[in-house]
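If you read the sequence shown in this note's numbering, its first letter stands for residue -7, the second for the next number, and so on.
No lab work stands behind these hints: they were computed from the structure. Don't take every hint at face value.
[Said to hold, decoys possible] Below 25 Å or equal to it, Euclidean Cα-Cα: the simulated BS3-like pairs (lysine-lysine) are: (1) Lys137 - Lys119; (2) Lys119 - Lys81; (3) Lys126 - Lys137.
The structure displayed is predicted, hence computed values, not measured ones.
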Amino acid sequence: DWWKEKLTDLTEKGALKDSGVKVESVQLSKRLVDSPCVVVTSQFGYSAHQEKIMRAQAFQNKDQLNMMAGRKTLEINPNHPVVHDLLEKIKQDKENSQAVDTATVLFQTAMIESGYDISDPSVLVKKVYAMMLKEVGADADAPMK
């Protein structure tokens, strides 16, 4: 129950609610060992390959594509240190900007790893660059010399 509540905080109520994340459900993974999360197709949703084919169709039904493309399941590895850190930050403050950025990067990299397209790759790139700058002790908002 605690995990389900925290996963709900992570997705629908908190960190991922405004980040363009479209998942049908969030579950604890029983198969992940090294990865913090993975995106899988729900029973009736399109696989990554099917989505690419449908997007390439000239006379595609955009309503059907949007409905079926949104049927993804986010599986989270409860034993991964990144997930633990993220949930601690969310527990302290659901609006924590670092937690939101981490959650967004986690989800979008899981989408890419699973073969899905992400809606705005430049958002992911900017967040990754900002995290790299922070890692080296530079301010992401400061002008470059």
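Results for each hint:
Using a Cα cut-off of 25 Å, the hinted pair lysine 137 and lysine 119 holds, with the two alpha carbons roughly 20 Å apart. For the suggested pair lysine 119 and lysine 81, the alpha carbons sit about 17 Å apart, so the restraint of at most 25 Å is met. Proposed proximity of lysine 126 and lysine 137 is supported: the alpha carbons are some 16 Å apart, at most 25 Å.
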